[in-house]
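Residue numbers (the working numbering), protein chains in the order written: chain A, 62 to 303; chain B, 65 to 380.
Keep in mind that the hints were calculated from the coordinates and are not lab data.
On a predicted model such as this, the values are computed, not experimentally measured, just so you know.
All residues carry an ideal CB built from backbone N, CA and C; glycine is no exception.
Honestly, I wouldn't trust all of these hints.
For each label pair, taking beta carbons as the anchor points, the in silico distance ranges come out as [claimed, not checked]:
{"id": "1", "chain 1": "A", "residue 1": "P281", "chain 2": "B", "residue 2": "E260", "range": "56 to 62 Å"}
{"id": "2", "chain 1": "A", "residue 1": "V80", "chain 2": "B", "residue 2": "T238", "range": "43 to 49 Å"}
{"id": "3", "chain 1": "A", "residue 1": "F77", "chain 2": "B", "residue 2": "T71", "range": "36 to 42 Å"}
{"id": "4", "chain 1": "B", "residue 1": "T376", "chain 2": "A", "residue 2": "V80", "range": "28 to 34 Å"}
{"id": "5", "chain 1": "B", "residue 1": "L188", "chain 2": "A", "residue 2": "K118", "range": "39 to 45 Å"}
{"id": "6", "chain 1": "A", "residue 1": "E235", "chain 2": "B", "residue 2": "I336", "range": "55 to 61 Å"}
{"id": "7", "chain 1": "A", "residue 1": "S120", "chain 2": "B", "residue 2": "E200", "range": "44 to 50 Å"}
{"id": "8", "chain 1": "B", "residue 1": "T71", "chain 2": "A", "residue 2": "S120", "range": "50 to 56 Å"}
{"id": "9", "chain 1": "B", "residue 1": "L339", "chain 2": "A", "residue 2": "S200", "range": "34 to 40 Å"}
{"id": "10", "chain 1": "B", "residue 1": "L150", "chain 2": "A", "residue 2": "S239", "range": "58 to 64 Å"}
Here are the simulated SDA-like pairs of lysine to any residue, each with C-alpha atoms no more than 20 Å apart in a straight line [to be verified]:
{"id": "11", "chain 1": "A", "residue 1": "K111", "chain 2": "B", "residue 2": "E260"}
{"id": "12", "chain 1": "A", "residue 1": "K111", "chain 2": "A", "residue 2": "R160"}
{"id": "13", "chain 1": "A", "residue 1": "K247", "chain 2": "A", "residue 2": "D289"}
{"id": "14", "chain 1": "A", "residue 1": "K247", "chain 2": "A", "residue 2": "K111"}
{"id": "15", "chain 1": "A", "residue 1": "K273", "chain 2": "A", "residue 2": "K247"}
{"id": "16", "chain 1": "A", "residue 1": "K111", "chain 2": "B", "residue 2": "D258"}
{"id": "17", "chain 1": "A", "residue 1": "K247", "chain 2": "A", "residue 2": "L91"}
{"id": "18", "chain 1": "A", "residue 1": "K111", "chain 2": "B", "residue 2": "G172"}
{"id": "19", "chain 1": "A", "residue 1": "K118", "chain 2": "B", "residue 2": "A82"}
{"id": "20", "chain 1": "A", "residue 1": "K118", "chain 2": "A", "residue 2": "E94"}
{"id": "21", "chain 1": "A", "residue 1": "K247", "chain 2": "A", "residue 2": "S74"}
{"id": "22", "chain 1": "A", "residue 1": "K247", "chain 2": "A", "residue 2": "F150"}
Away from chain B, derived, C-beta distances all over 12 Å, residues of chain A [what the hints assert, rightly or not]:
{"id": "23", "residue": "G72"}
{"id": "24", "residue": "G103"}
{"id": "25", "residue": "G122"}
{"id": "26", "residue": "R129"}
{"id": "27", "residue": "R152"}
{"id": "28", "residue": "Q227"}
What follows is the residue order along each chain.
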Amino acid sequence: MSPSQILSLRGVSKFFGGVQAVLDVYLDVLEGEMLGLIGPNGAGKSTLAKLILGSLKPSTGKVFFGGRDITGLSRRERAGLGIAGTNQFPRVFSSLTLRENLEISLKSGGGKHLFESVAEVAELLGLSGLLEAQASSLSHGQRRLLEIGMALVSGSRLLVLDEPSQGLTGGEVERLASILTGLSSKRLSVILIDHRVDFVKSLSGRVGVMSKGRMVALGPAGDKGVADVIEEVYLRGLDAGD
Amino acid sequence: MNGLARTIVTFSIPAVLACIYPILPEYAKFFLARVMILSVYAYGYAICFQMLGMLSLGHAALFAAGMYGAGLYTIYASPSPLSALLMGVAAALAFSLAMGLLSTRVGGPFLTITTLLAAQALYLVALHFNEITGGEQGIVLGREATLVWPLSPWLGESDSRYLFSLVTLVIAVTGVWALSRSRLGKLFIAVRDDEEKLESLGYNTATLKLLGFALSGVYSGTAGALQALLYSYVGAGYAGILNSVEPVLWVLVGGPLIQVGPLLGCMLVNIIADLARGMLRGHVLIVGLGLVLIAFAAGRLSWAYRLLRRSTGLVS
Chain A
62 MSPSQILSLR
72 GVSKFFGGVQ
82 AVLDVYLDVL
92 EGEMLGLIGP
102 NGAGKSTLAK
112 LILGSLKPST
122 GKVFFGGRDI
132 TGLSRRERAG
142 LGIAGTNQFP
152 RVFSSLTLRE
162 NLEISLKSGG
172 GKHLFESVAE
182 VAELLGLSGL
192 LEAQASSLSH
202 GQRRLLEIGM
212 ALVSGSRLLV
222 LDEPSQGLTG
232 GEVERLASIL
242 TGLSSKRLSV
252 ILIDHRVDFV
262 KSLSGRVGVM
272 SKGRMVALGP
282 AGDKGVADVI
292 EEVYLRGLDA
302 GD
Chain B
65 MNGLARTIVT
75 FSIPAVLACI
85 YPILPEYAKF
95 FLARVMILSV
105 YAYGYAICFQ
115 MLGMLSLGHA
125 ALFAAGMYGA
135 GLYTIYASPS
145 PLSALLMGVA
155 AALAFSLAMG
165 LLSTRVGGPF
175 LTITTLLAAQ
185 ALYLVALHFN
195 EITGGEQGIV
205 LGREATLVWP
215 LSPWLGESDS
225 RYLFSLVTLV
235 IAVTGVWALS
245 RSRLGKLFIA
255 VRDDEEKLES
265 LGYNTATLKL
275 LGFALSGVYS
285 GTAGALQALL
295 YSYVGAGYAG
305 ILNSVEPVLW
315 VLVGGPLIQV
325 GPLLGCMLVN
335 IIADLARGML
345 RGHVLIVGLG
355 LVLIAFAAGR
365 LSWAYRLLRR
375 STGLVS
């Protein structure tokens with residue numbers, strides 16, 4: 062692994078009974094890069110996110126983080142090393158206020174401190190006026206942004222965002238894009254998984270395309286080869302590996 | 065409700081209990097002293113159930129561990145009531161750690177069953193070693209071993225009991241008030257809301273649950289020890305299932321504000337039960353009816369409904 066690689070997947074597969082959810086994936090994520098991951102429903106993107114976060118263990122293959130084999134580590138242990146993530150459906154602590162949610166998350170991970178205060182990240186999220194609001198009273202979009210904020214303040218070095226734009230309004234997607242763009246100056250590595258192809262391509266340096274559990278293309282976001290595979294996978298519903 | 069209003073509400077009932085003390089008749093002092101001790105137990109239970117979302121049906125064992133720890137110490141070691149109080153709390157802490165290690169590793173209904181079985185085991189042990197514990201009939205402690213004895217030259221028994229109970233209640237309320245404002249308290253609530261999410265932020269939720277269970281045990285054991293040292297009696301009946309079920313009702317009746325709910329619920333249920341004491345097994349009847357009513361009303365009492373669903377693992 063080269064010094065600039067923060068995450069490395071080596072031949073990672075995940076089977077649920079006889080179903081191949083993820084198959085023989087090789088992937089390197091560089092320090093400070095935003096890597097987009099796209100693919101149709103059932104392509105294995107969320108399963109791959111769970112394998113990176115530690116919610117699932119791979120059936121075969123290895124996961125390395127910062128050069129260390131973390132395949133056997135739990136999600137908590139990985140969080141301690143600085144791997145944070147958000148879920149397809151936002152999960153926050155609904156009985157606590159927005160401020161308390163962020164305070165609990167603040168520097169809970171083992172990575173660098175991107176934000177020094179709750180107020181700073183609340184302002185970035187555009188939620189400063191809601192700091193004392195109970196999380197249960199927030200809209201879906203606000204909860205989504207709050208969960209991203211919780212991951213940001215947790216001292217993470219790698220952020221895995223699973224469908225962060227899902228259920229957001231146009232304005233909220235714009236704010237999310239602006240937040241993610243702002244992260245490039247923080248040297249935080251991000252894996253951005255989303256069904257909005259243009260959204261992912263506009264923000265990511267490289268894009269990976271998944272289909273039927275395989276990583277069928279990986280390259281620069283503007284690369285013609287990658288664009289062709291995206292078209293194949295999305296428009297014709299074909300496995301580019303076929 | 066803002067922080068100041070919450071603080072005022074929190075300490076209002078203990079303040080009223082302090083103010084009305086000089087004008088209370090003897091029976092009211094006796095009754096309220098007992099309710100205040102049970103309220104300390106209710107606060108302990110609320111830490112486990114209301115804050116952490118763990119529906120234990122074995123807290124009678126923690127109450128009884130405190131009671132036996134204190135009571136048996138005065139009989140077999142030393143009649144010093146203060147040492148006995150500490151021994152009772154230590155016994156409850158040890159038992160809650162052992163019980164917590166067994167039960168907090170599992171969640172939902174499994175935790176409920178595990179705690180219930182652990183409490184029943186203690187109950188059977190207390191019955192089996194009848195010659196040491198006094199079994200169901202119990203043992204009456206020597207008068208000099210009680211906390212009221214050192215104050216006897218100046219205060220009557222009911223006054224001493226009332227004041228000891230009130231001071232303990234104020235300490236217990238202050239502890240829960242401080243806990244609810246602390247980072248640890250927020251973490252307990254986060255465990256209840258979404259344990260997996262908290263784990264994903266790097267927290268060791270198993271340790272948090274054990275810590276909460278132990279803290280809950282210290283409260284319960286303190287109440288048990290005071291029960292022994294103020295009323296000169298220990299008995300296996302306190303380790304029975306009814307003593308585990310009652311705090312569930314107190315917490316649910318008391319409402320969502322943990323700083324005042326357990327005290328309010330415990331007082332309401334016990335006052336109603338006391339009024340019904342003339343009826344056959346009136347106390348048991350009131351507890352049973354209360355639980356049935358809560359179960360039927362739970363769909364409308366959204367707070368109680370959510371708490372019960374989370375604690376029993378019916379929703380994540």
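Q. Closest CB-CB distance from G103 of chain A to chain B, is it above 12 Å?
A. holds, 23 Å
**Q.** Proposed proximity, L91 of chain A with K247 of chain A (alpha carbon, max 20 Å)
**A.** holds, 14 Å
Q | Status of the given 39 to 45 Å range, CB of K118 of chain A versus CB of L188 of chain B | A | Hint holds: Cβ distance 42 Å, inside 39 to 45 Å.
(Q) Confirm or reject: Q227 of chain A is not an interface residue toward chain B, with every Cβ-Cβ distance exceeding 12 Å. (A) holds, 17 Å
Q: Can you let me know if the beta-carbon spacing of L150 of chain B and S239 of chain A is within 58 to 64 Å?
A: holds, 59 Å
Q. Quick one, are K247 of chain A and K111 of chain A close enough, alpha carbons at most 20 Å?
A. violated, 24 Å
Q. Taken at face value, is the distance from the CA of K247 of chain A to the CA of K273 of chain A at most 20 Å?
A. The given pair, whose Cα atoms are some 34 Å apart, is violated under the 20 Å limit.
(Q) Taking the Cβ atom of P281 of chain A and the Cβ atom of E260 of chain B, is their distance within the range 56 to 62 Å? (A) At 36 Å between Cβs, range violated.
(Q) Check whether the Cα positions of K118 of chain A and E94 of chain A lie no farther apart than 20 Å. (A) violated, 25 Å
Q: Evaluate the given range 34 to 40 Å for the C-beta pair formed by L339 of chain B and S200 of chain A.
A: Violated, at about 47 Å.
Q) Are the Cα positions of K111 of chain A and R160 of chain A separated by 20 Å at most? A) Measuring from Cα to Cα gives roughly 27 Å; hence the hint is violated.
Q | Restraint status (C-alpha distance of K247 of chain A to S74 of chain A at most 20 Å) | A | violated, 31 Å
Violated hints, in rising order: 1, 2, 3, 7, 9, 12, 13, 14, 15, 18, 19, 20, 21, 22, 27; the structure is consistent with all others.
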